[in-house]
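First to last, the protein sequences are chains A and B. At position 5 of the first sequence (counting the first as 1) the number is 5 in UniProt numbering, and the numbers step up by one without a gap. At position 38 of the second sequence (counting the first as 1) the number is 38 in UniProt numbering, and the numbers step up by one without a gap.
Because the hints were derived from the structure by calculation, they are not lab data. A few of these clues could be false.
Taking lysine-lysine pairs in the DSSO-like style, the calculated list, with each CA pair at most 27 Å apart, reads [stated by the list, open to error]:
id: 1; chain 1: A; residue 1: Lys51; chain 2: A; residue 2: Lys31
id: 2; chain 1: A; residue 1: Lys51; chain 2: B; residue 2: Lys31
id: 3; chain 1: A; residue 1: Lys51; chain 2: A; residue 2: Lys11
id: 4; chain 1: A; residue 1: Lys31; chain 2: B; residue 2: Lys51
id: 5; chain 1: B; residue 1: Lys31; chain 2: A; residue 2: Lys31
id: 6; chain 1: B; residue 1: Lys51; chain 2: B; residue 2: Lys11
Number of protein chains: 2
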Amino acid sequence: MYSQPVDTRDKLIESTRELLWERGYVGTSPKAIQALSGVGQGSMYHHFSGKPELALAALRRSAELLRAEAERSLLGPGTAVERVTGYLRREREVLRGCRIGRMAQDPEVIADPQLRAPLAETFDWLRETITTVLAEGRSRGEVAPDLVPETTAATVLAVVQGGYVLARSADSAEPFRQAVDGLIALISR
Amino acid sequence: MYSQPVDTRDKLIESTRELLWERGYVGTSPKAIQALSGVGQGSMYHHFSGKPELALAALRRSAELLRAEAERSLLGPGTAVERVTGYLRREREVLRGCRIGRMAQDPEVIADPQLRAPLAETFDWLRETITTVLAEGRSRGEVAPDLVPETTAATVLAVVQGGYVLARSADSAEPFRQAVDGLIALISR
Chain A
1 MYSQPVDTRD KLIESTRELL WERGYVGTSP KAIQALSGVG QGSMYHHFSG
51 KPELALAALR RSAELLRAEA ERSLLGPGTA VERVTGYLRR EREVLRGCRI
101 GRMAQDPEVI ADPQLRAPLA ETFDWLRETI TTVLAEGRSR GEVAPDLVPE
151 TTAATVLAVV QGGYVLARSA DSAEPFRQAV DGLIALISR
Chain B
1 MYSQPVDTRD KLIESTRELL WERGYVGTSP KAIQALSGVG QGSMYHHFSG
51 KPELALAALR RSAELLRAEA ERSLLGPGTA VERVTGYLRR EREVLRGCRI
101 GRMAQDPEVI ADPQLRAPLA ETFDWLRETI TTVLAEGRSR GEVAPDLVPE
151 TTAATVLAVV QGGYVLARSA DSAEPFRQAV DGLIALISR
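One chain only, chain A, in its complex shape:
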């Protein structure tokens, strides 16, 4: 009796995550969420007040998973350059883009402070984490002494997010790889 609502909630969140990734926020309708999850309209509105609340739950879960994934490379073993390289080169579905970053193009997400929050928090956390990795690496002599950790961390994030944009535009993962290779060469000097 008690596990059923949890499963239904979970199905709704997972279906919303998929639809947001595939179609964006504007392109995702409550009807499509019901169809993909197999959850009826009444049950959906029992668990969530509507699309914004569902999307927020989906974005929060995607942000959590993205963070766990990033931690594996950034907080793992190796020098600062190796860890940042691991983060940049980790396996990605390049042509689908970032589940979080793609939402930034959606005007309705950006106009709603609650929906925008998981985006801002994820990128803040990533920037701070990469800044720490680079600052520690600099103090250990693993990166050049003139490399500025804060701004370089912002550059690392931008290359990933922009790499997705270039890859989707070209319908090829190649521009993503090139942008990452160019950055790794620059920070390895």
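For chain A, the structure is supplied; the task is to place chain B on it using the hints.
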């Protein structure tokens, strides 16, 4: 008699450019284009077969203007690093994002080879142009001899496109500036 159709066509293209930038492709309806342009439905379908053809004309015009803007800094005076810096730092409506790059997040644009073409062509042209600027700069000793023009050019493009994503996520132009500052420091070494 002959100037009227040209004006109407132009109004439709400019209104579509604005709506695509503001709402994306999926979020732009033929009705919204008619409302913003003040052009009636019959007249709209006299000039364009529908939303895809209108969007293509709008994207082609945006690509042309973006290219002219980029040429001013990239093909202007100065060293290679100065020209790339000028391109990265030129005035931009950072929070609105790139008129071309934002379309890459739109599944319907990416799924249509015709609509995707202006995106792919614009980024190809930019990458080739920046590659040439950096290669010439390297041969003149303006950039470090170990800097690879091709991949660095891809990194430059990615930083701009990703900078927009980070700025929109943060509702602040600051992350764009930080990412650009980080990159300029890296290529100036």
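Output the numbers, in ascending order, of every earlier hint that fails for this structure. none
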